[in-house]
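Undergrad: Residues per chain are reported as follows:
There are 2 protein chains.
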Amino acid sequence: MAKYAIGIDIGGTNTKFGIVDQQGIIIKQNRLLTNEPEGVEDFIDELYIKLKPMIDEAGGLKNFAGIGIGAPNGNYYTGNIEYAANLKWRGIIPFAKMVSEKFGLQVKLTNDANAAAMGEMMYGCARGMKHFITITLGTGVGSGIVIDGKIVLGHDGFAGELGHTIIRPGGRMHKGTGIRGTLESYASATGVRETALELLAENPDVESQLRDYSINDLTSQSVYECAIKGDKIANDIFEFTGQILGEALANFVMFSSPEAIVLFGGLTKAGDLIMNPTRKAMEDNLIQIFKNKIKLLYSDLKEADAAILGASALVRE
Amino acid sequence: MAKYAIGIDIGGTNTKFGIVDQQGIIIKQNRLLTNEPEGVEDFIDELYIKLKPMIDEAGGLKNFAGIGIGAPNGNYYTGNIEYAANLKWRGIIPFAKMVSEKFGLQVKLTNDANAAAMGEMMYGCARGMKHFITITLGTGVGSGIVIDGKIVLGHDGFAGELGHTIIRPGGRMHKGTGIRGTLESYASATGVRETALELLAENPDVESQLRDYSINDLTSQSVYECAIKGDKIANDIFEFTGQILGEALANFVMFSSPEAIVLFGGLTKAGDLIMNPTRKAMEDNLIQIFKNKIKLLYSDLKEADAAILGASALVRE
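In order, the protein sequence lines correspond to chains D and B. Each residue of the first sequence is one higher than the one before, starting from 7 at the first, in the numbering used here. Each residue of the second sequence is one higher than the one before, starting from 7 at the first, in the numbering used here.
Here chain D stands alone, though its shape is the one from the complex:
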């Protein structure tokens, strides 16, 4: 087996990449701003300029199994990035092929959430599990589904878009998709901020430290800071969010009956404040055969590490 593999995690803001050894240790990493280079060719050139010295230092191409990439709307079957809403590259980009030609290494690509799930399975808290789901609660809600030890890709490579499942029909309109009441509109940092603004408007007579923040500065982080100090509205926000998230998780369990659901992303920092109502709502909405047997776990990998590790694992399969 080749000594090293490269893992690249392309996000809406940052692209993180690293060299991973056979034990799953990131021996060297770096990053660049995803949307700073003009076009996709410039982006790949930039990536090459930063990675080439790292490759040379590690003994050159002969020591590398290849490059694995996690990217928004990345398609494992085609190697393309297709219509990614958060990237400024438009349309269908044959990204794996372009990177492979530039670097002279085999390249495999998948969607960023699937890469993270892969990282959890090989190096994280889902080690040894064959059936689990990862949910990233960040700016949006991402998901990776593992069944029988394999990432679920679906007939076209796009499976696992659980953030876009409906859980409050007729509810909030999602700005990106135009669909109402989907999980991402509630159980994301963006959703928590919106819930905060709603609850503050609906409860003008309830005192809350959240009113000390300017509307521009009010984030899910502010809600957390107020909630741990006992602020009622801040706590209600996490109750509300956990209720919705828990119902959605119950739906996912009914689908694939996973051994565990692994959560990561910014919102999980709220800990029990969000996890307790989430677990309760999930259990309340599970049929008997599933009750009290699905583990709710936090990822023990750093978020960026999970994606880099998972991406690198694509060329280790």
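Quick caveat, the hints were computed from the structure, so don't treat them as lab data. Among the clues, some could well be false.
Pairs involving identical chains hold if they fit within one copy or between any two copies, as the list cannot separate such chains.
[As the list claims (entries may be wrong)] The list that follows gives simulated cross-link-like pairs (lysine to any residue, SDA-like), each with its CA atoms no further than 20 Å apart: (1) Lys286 - Ala207; (2) Lys94 - Asn241; (3) Lys297 - Tyr83; (4) Lys297 - Pro78; (5) Lys94 - Asn209; (6) Lys156 - Met135; (7) Lys286 - Ala266; (8) Lys238 - Ala8; (9) Lys136 - Gly155; (10) Lys181 - Pro78; (11) Lys68 - Leu205; (12) Lys136 - Asp154; (13) Lys286 - Arg174; (14) Lys108 - Glu323; (15) Lys299 - Tyr82; (16) Lys34 - Glu231; (17) Lys136 - Asp162; (18) Lys156 - Tyr83.
This structure is a prediction, so every number in the text was calculated from the model and none was measured.
Following the hints, position chain B against chain D.
TA: Here is chain B on its own, set in the frame of chain D:
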């Protein structure tokens, strides 16, 4: 390969069984009332009395690959039927083992909806597909999920309970599970009857032929008969049901990105009356990458045949 396999489909009312040849033709079949025999031993004795002459006529045990069984809450991993709400056998029944000992043949067992999905994959309209979902719209809502050509069983053998996913949070209480707003409470024959009673009560001034039925006689079949004659409330009932079903199907697509969703069961007899609103609601709630590519199909197998064929296929794998 052995000439024949036996397929058994255990339903809440009827148990149907047949001898299936290598081409997937049911050469002989029969049935018995599931809950008529006193206990599970009596049931198996009854089954043996009816099947033994059929086996002898087909040349005896040496010509048989085994027995495949589809049953409510049937677990492929353990061979048990566990806490099936519609059967009078209580608790955990080691059903596959008991049948195997009685017949002297290998026995494999799975849940009834998974058996039907298997039948569709091997002999029905999902032939050649590796990614699809079957949904049975009968008295309840059953489901079988196929990913990469395999039935999704989950970590414990109970995956694929899509009828129990939440689609109208806080909505109708399901009598069996106590959970509110699940798909089965709306998109089943029972749900359609309930919707009819609700809409009739809410619209006392709207004329409807549905009022000519006694409340006891009002069924999803009555709704169909009135709807094709242009009855407004009857048509509204299918619109309402299709809207909810379509939203749920969109959620399922977002999970596993299937090539097709195969529908069967009594409600599908309403044809376009229910299918048009279902398709529209599904498409309206899919994100761009899934739009206009998921086939909605009707099963072309008779419902009982699908389950018998699918069950028999368990011992052909």
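Undergrad: Checking an output row: lysine 94 and asparagine 209, CA cutoff 20 Å. Within, between, both or neither?
TA: Classified as neither: same-chain Cα gap 39 Å, cross-chain 51 Å, threshold 20 Å.
Undergrad: Using 20 Å as the alpha-carbon threshold, which applies to lysine 238 and alanine 8: within, between, both, or neither?
TA: Neither: 55 Å inside a chain and 69 Å across chains, both beyond 20 Å.
Undergrad: I want to check one pair: lysine 94 and asparagine 241. Are their C-alpha atoms no more than 20 Å apart within a copy, between two copies, both, or neither?
TA: neither (37 Å within a copy, 46 Å between copies)
Undergrad: Please work out whether the CA atoms of lysine 286 and arginine 174 approach to 20 Å or closer within one copy, between two copies, in both situations, or in neither?
TA: Close inside one copy (18 Å) and across copies (18 Å); limit 20 Å.
Undergrad: If the cut is 20 Å between Cα atoms, do lysine 136 and aspartate 154 qualify within a copy, between copies, both or neither?
TA: both (5 Å within a copy, 15 Å between copies)
Undergrad: I want to check one pair: lysine 136 and glycine 155. Are their C-alpha atoms no more than 20 Å apart within a copy, between two copies, both, or neither?
TA: Result: close both inside a copy and across copies, 4 Å intra and 17 Å inter.
Undergrad: How would you classify lysine 156 and methionine 135 at a CA-CA limit of 20 Å: within, between, both, or neither?
TA: Both. Shortest intra-copy (10 Å) and inter-copy (18 Å) distances satisfy the 20 Å Cα cut-off.
Undergrad: State whether the alpha carbon distance between lysine 68 and leucine 205 is at most 20 Å within one copy, between copies, both, or neither.
TA: Close neither inside one copy (58 Å) nor across copies (71 Å); limit 20 Å.
Undergrad: Up to 20 Å between alpha-carbons, please classify lysine 136 paired with aspartate 162: within, between, both or neither.
TA: between (22 Å within a copy, 11 Å between copies)
Undergrad: Within a copy, between copies, both or neither: which one fits lysine 156 and tyrosine 83 at a CA-CA cutoff of 20 Å?
TA: both (14 Å within a copy, 19 Å between copies)
Undergrad: At most 20 Å between alpha carbons: which applies to lysine 297 and tyrosine 83, within, between, both or neither?
TA: Only across copies: lysine 297 and tyrosine 83 sit 19 Å apart there, 36 Å inside one copy, limit 20 Å.
Undergrad: Under a CA distance limit of 20 Å, which applies to lysine 297 and proline 78: within one copy, between copies, both, or neither?
TA: Between. Shortest inter-copy distance 18 Å satisfies the 20 Å Cα cut-off; intra-copy 33 Å does not.
Of the hints listed earlier, those the structure fails to meet are numbers 1, 2, 5, 8, 11, 14 and 16, in rising order.
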